[in-house]
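4 protein chains.
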Amino acid sequence: MNEIKPIKLKQDIKVTELVEQMKNAGFGARKIGIASDIAKKMFSEKNCTVFMGLAGAMVPAGMKQIIIDLIDNKNIDILVTTGANLTHDLIEALGDKHYQCNTWNDEELHQKGYDRIYNVLMKNEVYEKLENFFEQNWEQLNKSKNIKELIETIGNLLPENSNSVLKTCSKNKIPIYCPALTDSGIGLMIWGRIASGKKISIDAFEDMKEIIDTAWTSEKKGIIYIGGGTPKNFIQQSLQFSSGANYGIQITTDSAEGGGSSGAPLEEGKSWGKLKTNAEFVDVKCDATIALPLIFST
Amino acid sequence: MNEIKPIKLKQDIKVTELVEQMKNAGFGARKIGIASDIAKKMFSEKNCTVFMGLAGAMVPAGMKQIIIDLIDNKNIDILVTTGANLTHDLIEALGDKHYQCNTWNDEELHQKGYDRIYNVLMKNEVYEKLENFFEQNWEQLNKSKNIKELIETIGNLLPENSNSVLKTCSKNKIPIYCPALTDSGIGLMIWGRIASGKKISIDAFEDMKEIIDTAWTSEKKGIIYIGGGTPKNFIQQSLQFSSGANYGIQITTDSAEGGGSSGAPLEEGKSWGKLKTNAEFVDVKCDATIALPLIFST
Amino acid sequence: MNEIKPIKLKQDIKVTELVEQMKNAGFGARKIGIASDIAKKMFSEKNCTVFMGLAGAMVPAGMKQIIIDLIDNKNIDILVTTGANLTHDLIEALGDKHYQCNTWNDEELHQKGYDRIYNVLMKNEVYEKLENFFEQNWEQLNKSKNIKELIETIGNLLPENSNSVLKTCSKNKIPIYCPALTDSGIGLMIWGRIASGKKISIDAFEDMKEIIDTAWTSEKKGIIYIGGGTPKNFIQQSLQFSSGANYGIQITTDSAEGGGSSGAPLEEGKSWGKLKTNAEFVDVKCDATIALPLIFST
Amino acid sequence: MNEIKPIKLKQDIKVTELVEQMKNAGFGARKIGIASDIAKKMFSEKNCTVFMGLAGAMVPAGMKQIIIDLIDNKNIDILVTTGANLTHDLIEALGDKHYQCNTWNDEELHQKGYDRIYNVLMKNEVYEKLENFFEQNWEQLNKSKNIKELIETIGNLLPENSNSVLKTCSKNKIPIYCPALTDSGIGLMIWGRIASGKKISIDAFEDMKEIIDTAWTSEKKGIIYIGGGTPKNFIQQSLQFSSGANYGIQITTDSAEGGGSSGAPLEEGKSWGKLKTNAEFVDVKCDATIALPLIFST
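Protein chains in written order, with the numbering used here: chain A, 6 to 303; chain B, 6 to 303; chain C, 6 to 303; chain D, 6 to 303.
Think of the hints as simulated: they come from the structure by calculation, not from any bench. The beta-carbon is built from N, C-alpha and C at its ideal position, and this holds for glycine as well. Treat the hints with caution; some may be incorrect.
As the list claims (entries may be wrong) - Pairwise CB distance ranges (calculated):
{"no.": "1", "chain 1": "C", "residue 1": "W221", "chain 2": "D", "residue 2": "K10", "range": "23 to 33 Å"}
{"no.": "2", "chain 1": "B", "residue 1": "D77", "chain 2": "A", "residue 2": "F246", "range": "34 to 44 Å"}
{"no.": "3", "chain 1": "D", "residue 1": "Q145", "chain 2": "C", "residue 2": "E112", "range": "46 to 56 Å"}
{"no.": "4", "chain 1": "A", "residue 1": "E112", "chain 2": "B", "residue 2": "D218", "range": "24 to 34 Å"}
{"no.": "5", "chain 1": "B", "residue 1": "K102", "chain 2": "C", "residue 2": "E25", "range": "13 to 23 Å"}
Can you build the whole structure from these sequences, using the hints too?
Take a look at the structure:
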């Protein structure tokens with residue numbers, strides 16, 4: 006049985022040193038340490054396919070570079086995310102920004118043309134550049150036959166030096182799945198084109214085949230869930246009837262007792278066969294904007 | 006300024022009497038009371054279109070009859086839900102059950118063939134009846150061109166006396182939207198048919214047109230969000246650039262501070278124009294299985 | 006294995022009927038049902054001493070009548086609570102009120118002389134009547150030798166028809182323990198007298214002897230924790246090295262992962278010997294103002 | 006309006022560099038950055054008295070060294086904590102340890118003599134050394150007239166090189182207040198002596214005078230609340246009717262909606278006059294074992 010060792014902060018302590026110490030502390034700190042270890046394992050095993058489910062407005066909150074670097078470093082093999090994250094990533098790729106706010110009055114923000122995401126703001130006028138992007142590139146975009154292709158095409162269309170999740174995935178040939186793309190700004194843009202009489206035919210089910218194939222044929226599987234929702238559920242779904250995940254990290258503040266998928270501890274996946282009986286896994290109950298930089302520092 | 010009046014329980018007190026009293030108590034109790042009032046208002050206004058976003062495994066948790074009755078009573082005009090809820094509803098419609106468990110060992114459950122959803126179990130063998138249903142009815146199902154039609158067809162195929170959300174919506178001509186149907190058992194069934202060479206062509210974006218049209222053309226709008234996720238986000242999305250919702254009820258245990266859409270207070274929607282400046286709304290922070298029967302009792 | 010049975014609301018359904026149905030639903034609803042059953046058991050067993058730990062501002066939130074009725078019905082044998090609850094109870098007993106607010110500006114409230122407790126307000130001027138009460142009754146109050154006696158004396162001093170927890174306990178000879186009375190308005194009043202040169206000598210440890218004796222000599226023990234904090238911890242402490250509690254109900258929204266006593270599931274008490282191995286118990290994760298009227302309806 | 010800047014992890018990034026970057030991110034990350042800045046301000050202002058309220062089992066979780074270093078660096082002027090933290094600190098000072106566990110069976114732990122605090126264990130036999138300590142030092146301990154003195158005496162009795170909060174405070178003449186000392190192992194030890202006929206007379210209210218004097222006479226006040234409970238409430242209480250705190254940091258995972266003091270945002274204190282209208286403050290919703298090392302790194 007290992008002793009708890011008090012965390013000792015020293016001048017100029019590195020994040021990796023702190024996380025190393027956290028492994029020997031208690032409560033959430035230890036889970037950060039364990040998650041860091043599990044991440045290293047799943048990233049270093051050559052035959053381990055890593056699925057990341059990314060929900061929550063991580064791009065507006067300044068987490069995109071961490072995701073970009075994980076992809077550039079070939080740590081993530083499959084990204085499943087929300088339409089919101091992709092939309093905000095595209096907005097930044099097109100030159101717009103997100104802004105800080107620490108107090109707010111939503112009626113006033115509305116009048117001034119700002120949309121609020123907790124303590125982050127976006128100008129409502131970003132939709133103009135989005136509109137232009139979809140209008141100008143429609144002939145290429147409308148050739149996509151499924152959501153993955155559509156997203157990949159968006160990535161391909163962005164300038165080579167675009168510092169975005171979309172571009173980085175397209176460069177690295179990492180597939181992005183987004184089962185509920187329709188509930189996002191990108192969805193709205195597609196709808197806008199359709200409403201104006203343009204044609205596009207995106208099959209709703211086609212992406213399933215590929216991700217299930219990947220899940221069923223990968224020798225080992227690692228899962229990283231940031232924030233639950235559809236991205237987690239889509240990956241979990243793919244793992245059902247597979248041999249189950251070998252490694253798992255979940256970062257969420259949702260609680261188990263409500264019974265929703267987002268808050269369900271990874272352990273629950275064992276009953277479904279989505280997680281291997283002998284898997285190494287950890288549930289980190291923490292704001293992802295705090296946990297991510299700790300877990301993925303090296 | 007209204008006084009707090011202590012809640013007085015009396016022998017045989019009715020739920021409606023308790024909820025009436027809750028309006029004059031504090032903390033979450035008052036919010037239950039306020040939500041009940043707002044529900045009555047949005048249900049009674051003839052020109053108010055009511056959108057319900059239903060996430061969380063509400064059917065396995067025994068909440069389906071409350072939803073069914075709301076629909077049968079013409080209180081809900083649009084239902085947006087998760088593939089999980091529809092799958093569990095279909096499973097029950099096909100004759101299978103969900104079960105109670107108060108303690109659990111997930112490895113053992115896996116061996117015994119049970120899938121766990123917090124303190125609710127489902128036999129893994131339910132997938133057989135699901136398979137049969139999709140196999141036998143494929144010729145009718147594969148004619149659907151969008152997700153709404155596919156779901157409606159499933160509802161139509163169920164026996165007339167089927168006590169299910171799917172059947173009740175199909176009988177009452179209430180559209181069910183499910184943007185992320187792919188991350189569910191129903192999605193898996195479709196995928197299974199496709200994997201075996203069968204054809205179906207479901208457009209991913211088509212449903213957007215209809216729900217956005219409804220949101221933009223309805224004189225008044227009421228929103229009821231149970232549990233956040235894609236259902237909430239899809240409705241919120243439709244309301245953007247509309248005149249905004251007039252009434253709102255949100256029931257969730259997710260917290261605002263994490264920045265995700267599920268925990269975002271309704272107030273935040275004002276900045277986006279999704280909620281009217283003068284809307285009547287309330288955020289109920291409560292397990293939906295406890296809040297629903299209180300709010301919707303009459 | 007018991008089936009989940011969907012909750013069916015009918016016209017004029019009674020709270021007890023709803024709670025009975027909740028037992029066969031899932032997630033938090035079932036826990037409400039289980040808690041109601043456990044409460045009935047611990048209340049009906051003659052040789053079972055029931056300890057209630059009451060934290061959170063339950064009196065300002067309109068929950069006092071439920072507590073009063075439980076005491077009047079001889080359901081609670083020992084009450085441990087916070088100084089805040091006793092202070093607010095005394096404030097109401099002296100004729101002041103609490104008020105509802107649904108939106109707030111704390112700076113404005115401060116200027117207008119209102120103190121806020123989430124969505125409940127109290128006039129700051131209540132301290133005047135409190136001052137008078139302590140000033141006028143000092144000769145009787147200062148004879149108390151421990152906190153329990155001091156609280157009992159306050160109860161005795163209140164008019165016979167006073168509808169308060171303090172009076173009801175004093176009438177029913179139910180001891181109220183309040184280990185941290187100093188962090189409350191009543192504490193401030195005592196301090197005020199001492200600061201003006203008056204004398205009182207309240208022993209900090211004396212109450213421990215009595216509650217530990219009760220815990221150690223009671224044949225059976227039932228525990229009801231509303232909101233954690235010092236009240237829970239003081240009872241848990243008393244149970245350590247006893248034979249352990251036979252019945253337990255915990256109502257809190259705090260989570261286990263933070264490691265604090267308030268959010269610790271009752272199960273954890275088994276390792277300490279505070280809860281019997283074969284105890285019947287349930288953790289209800291719910292706003293207490295919603296859970297209390299459901300669990301304690303009869 | 007400041008832009009959100011994505012956090013960029015680089016090889017060997019220091020904790021202080023990460024926290025600096027967090028200030029320009031969103032959600033909880035930004036709050037960590039803000040808290041770090043506010044801490045620096047309140048620590049560097051010469052005429053600012055810093056009150057720390059420390060709840061939650063921070064010592065068992067390996068956080069004691071961070072507290073010790075803050076005290077040794079003269080950053081904290083007043084410490085208010087729980088009996089549990091002091092008991093666990095004393096247990097370690099007497100040579101015992103806490104242990105890590107990642108899965109548990111509470112019945113088994115009970116049989117093996119381990120007490121569980123979420124994912125931290127303590128041997129039940131630690132009470133023997135505690136007993137000895139109180140038995141052997143009773144003649145010095147029983148001279149204390151109030152809780153502060155009793156705690157200070159314990160600190161004085163520990164060996165000079167004892168790496169403990171108790172010793173560090175006694176060396177640095179930092180007062181420790183613990184209004185609810187009775188609900189802890191130390192309380193049990195005192196009770197044990199009293200039960201065996203020994204005498205001690207600790208006044209319950211005496212400490213109030215001193216902390217209120219400090220709060221009322223300090224030119225500026227900074228408050229740091231870790232985990233709510235009685236420690237927070239005791240400090241808040243002292244600030245009422247003072248000029249209010251100038252700086253505030255709160256770290257908790259409790260939520261505001263339940264209405265309890267622990268989850269109440271600092272802002273609420275403005276209505277009571279406990280927080281200055283123009284105070285600089287931040288509420289960090291995070292597991293304290295993760296937030297503390299980030300906020301207090303230098």
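Each hint, compared with the structure:
1. W221(C) to K10(D): 23 to 33 Å: Violated: the Cβ-Cβ distance is about 60 Å, outside 23 to 33 Å.
2. D77(B) to F246(A): 34 to 44 Å: Roughly 36 Å apart at Cβ, these two residues keep to the hinted range, so it holds.
3. Q145(D) to E112(C): 46 to 56 Å: holds, 49 Å
4. E112(A) to D218(B): 24 to 34 Å: holds, 27 Å
5. K102(B) to E25(C): 13 to 23 Å: Since the Cβ atoms of K102(B) and E25(C) sit about 20 Å apart, the hinted range of 13 to 23 Å holds.
Violated hint: 1 only; the structure is consistent with all others.
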